[in-house]
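A.B. asks: As a plain string of letters, each chain reads:
There are 2 protein chains.
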Amino acid sequence: MQIDEENLEAYALGCGLLGGGGGGETRTAVLMAREAIREHGPIEVAGLGDLADDDFLMPCGLLGAPTVSLEKVPARDEGDRLVAAVQELTGRAVAALMCVEIGGSNGLFPLIWAVRRGLPVVDADGAGRAFPQLLQMSMHVTGVPVAPVVLTDERHNVVTLGGEITTHWAERLCRSTAVAFGGRACAAMFTMDAKQARRAAVTGSVSHALSLGELLVRHRTDPFGALSEKPGVVVLARGKIADVVRVTQGGFARGSAIVHGTGDDRGRMIRVEFQNENLVAIEDGQVVATTPTVICLLDDTTAEAVATEELQFGQRVAVVLLPCDDVWHSPEGLEVAGPRAFGYDIDVTRPAGVR
Amino acid sequence: MQIDEENLEAYALGCGLLGGGGGGETRTAVLMAREAIREHGPIEVAGLGDLADDDFLMPCGLLGAPTVSLEKVPARDEGDRLVAAVQELTGRAVAALMCVEIGGSNGLFPLIWAVRRGLPVVDADGAGRAFPQLLQMSMHVTGVPVAPVVLTDERHNVVTLGGEITTHWAERLCRSTAVAFGGRACAAMFTMDAKQARRAAVTGSVSHALSLGELLVRHRTDPFGALSEKPGVVVLARGKIADVVRVTQGGFARGSAIVHGTGDDRGRMIRVEFQNENLVAIEDGQVVATTPTVICLLDDTTAEAVATEELQFGQRVAVVLLPCDDVWHSPEGLEVAGPRAFGYDIDVTRPAGVR
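Those sequence lines, one after another, are chains A and B.
Okay, so the first sequence: first residue is 1 according to UniProt numbering, each after it adds one.
Okay, so the second sequence: first residue is 1 according to UniProt numbering, each after it adds one.
Wrong hints could be hidden among the right ones.
What the hints assert, rightly or not - Have a look at the derived ranges for each label pair, beta carbon to beta carbon:
no.	chain 1	residue 1	chain 2	residue 2	range
1	A	Gly-343	B	Val-245	48 to 54 angstroms
2	B	Gln-286	A	Asp-77	52 to 58 angstroms
3	B	Asp-77	A	Glu-5	50 to 56 angstroms
4	B	Ser-207	A	Leu-70	20 to 26 angstroms
5	B	Asp-53	A	Ser-207	58 to 64 angstroms
6	A	Ala-93	B	Glu-154	46 to 52 angstroms
7	A	Arg-199	B	Asp-77	31 to 37 angstroms
8	B	His-168	A	Ser-330	41 to 47 angstroms
9	A	Arg-155	B	Glu-332	19 to 25 angstroms
10	B	Val-247	A	Ala-93	46 to 52 angstroms
11	B	Thr-248	A	Arg-38	50 to 56 angstroms
12	B	Ala-242	A	Arg-155	51 to 57 angstroms
13	A	His-260	B	Phe-313	54 to 60 angstroms
It should be emphasised that the hints constitute simulated quantities derived from the structure, not laboratory data.
A virtual CB, placed ideally from N, CA and C, is assigned to each residue, including glycine.
Please take these sequences and the hints and turn them into a complete structure.
C.D. replies: Printed below as a string of structure tokens:
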């Protein structure tokens, strides 16, 4: 499989959907990906099964507050520094890159970095969606060591985390480093062999994002009808945004949005709470969906996911729920990615229709 | 020269004086140094002239808010991790350690780390006193690259800073890492050859601290008389502390203390402002001394320097000024360590008596 100029837009749409919104950073990433494809050719996507057992994978992406990326644009060569540092630290040649998470711009940057170096990206990721923290990666849940962690920025600063560092401490140090970098850092972590990745990563993520995006492109006139026919997908309501509260705090974009139903949904009110990604949907005081289910706010006309940092009063949106990978419904997955992991003292909730 | 059980207390007194106060962290360091000497023998202090030109030196110490160390005690093996990481990053064997600054506990920890590894410490440091920031090190002023920087804590976390990092960015990232570690980090930086150090470091710092401390020990009954006979030293006033304001903020202990004169100094009022170290002394609205001159508050009975984090209402103190190394009165030195570098829009001031 390849990501080329033809299917790039569809793929980015799918990443936006799985990330609960792509936003300005995803649009920047699409432009950078198109430029990279024109210069280096299509991005090769390798199935984990096609790699040798000991092929060395570098999961990577951006971390911090995506809000910041609207002004702080990557310099393009961050991936080169990540690969160089990981190879020097481990003494191993990186065979392929992997998205730490498929959702949002993190479904795109690793592809740009890969094609620039002539490497493939694997059809897998560490979440099957997007999550705000390192603890919420399938590699952590399945016991892959987080170190060495490499962080870099557009100024050629390189920070590495090692020693006997835990994922918890890596999260804390990555966050403080991203804040010191100016709010956003490019990072590599959880390096592993392809054999390990077959067990530890969420497989098929790139092709899943592409097929979701292609579905939206094929059904431009009725995207919500097409989406609701997908097994496990629920279009909860359509309406307009009546209020948004948002702060950029400690490297996260936190807040909530209130959607007033319109049309058939007139009279309904849904509140969506987010921390970089949407975490909880509440209707009339009742929790209707929680993380780890993917909660999206899609533009009511284009069906493009609206990033939490771009939500605004008056916007017409649809609240859509997508299923997540089974790893997140395991006890270990729920411990780090269920509502209680984010400070909500509520049980996991998903409507009957969400697989 | 050696630091052994006999002269350790005097040496620590001198470090406290040059650091504008040692405090609880220095007392912890003295206990750890005594333990290390009992276990490994006296600490060897090598003159920079006695080392081969290409002997590789590792300047090191603690950074962050010293206040924190009253509760967050080092684990002893931080130095081993610093040496191991520096050797791995540079591919060179460390021949000797050096104090990043002689003042306060940073005059002691590198000695503990050195003797544990059977290495000498050099009779030099990066300041000739103590300063709160990396920019205020003679190696920065004289153009030694700061990278690689290694930071570690008592939990075996290891963070390294590299790439094309500047001292400014290293300062920013060290600070955020120290805060993430819990307020204090052990660090190595500005690694260099002995030949470079002869030009870039402040030489004779360890022996200077020891001789100052021995002077105080020899004149226990009249320490201020003995101090004021030293060329360039001024005992500004004696009195008691009438007010202290202090916050721990962004990895620094910031604040000010007001000293009301007593005895011959009755009626005088001196305000000392600090940011980890004392920076400005003001009498009746007139600036009488500023950084880079060393401004100390000494216990009026023992002549032991009182750390900024231990100043309290009612304490009897003497305000003492000590000269600093000439490097700090150079244009490059004043740019990073003069009053304007700390946000005070005033010129460098020192009483006529301070050399």
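A.B. asks: All hints are to be evaluated individually against the structure, with a verdict given for each.
C.D. replies: Structure-based check of each hint:
For the pair Gly-343 (chain A) and Val-245 (chain B), the supplied restraint of 48 to 54 angstroms is violated, since their beta-carbon distance comes to about 34 angstroms. Against the hinted window of 52 to 58 angstroms, the Cβ-Cβ separation of Gln-286 (chain B) and Asp-77 (chain A) comes to about 54 angstroms, which satisfies the hint. Under the hint 50 to 56 angstroms, the C-beta atoms of Asp-77 (chain B) and Glu-5 (chain A), about 54 angstroms apart, fit the expected range. The hinted window of 20 to 26 angstroms between Ser-207 (chain B) and Leu-70 (chain A) is violated, with their beta carbons roughly 56 angstroms apart.
A C-beta distance of roughly 60 angstroms is found between Asp-53 (chain B) and Ser-207 (chain A), which places it inside the suggested range of 58 to 64 angstroms. A C-beta distance of roughly 35 angstroms is found between Ala-93 (chain A) and Glu-154 (chain B), which places it outside the suggested range of 46 to 52 angstroms. As the Cβ distance of Arg-199 (chain A) to Asp-77 (chain B) is approximately 34 angstroms, the hint placing it in 31 to 37 angstroms holds. For the pair His-168 (chain B) and Ser-330 (chain A), the supplied restraint of 41 to 47 angstroms holds, since their beta-carbon distance comes to about 45 angstroms.
A hinted range of 19 to 25 angstroms holds for the C-beta pair Arg-155 (chain A) and Glu-332 (chain B), which are about 23 angstroms apart. Range check, Val-247 (chain B) to Ala-93 (chain A): Cβ separation about 50 angstroms, and the 46 to 52 angstroms hint holds. Judged by the Cβ atoms, the range 50 to 56 angstroms given for Thr-248 (chain B) and Arg-38 (chain A) holds: they are separated by roughly 52 angstroms. As the Cβ distance of Ala-242 (chain B) to Arg-155 (chain A) is approximately 46 angstroms, the hint placing it in 51 to 57 angstroms is violated.
Our hint of 54 to 60 angstroms for His-260 (chain A) and Phe-313 (chain B) holds, since their Cβ atoms are close to 58 angstroms apart.
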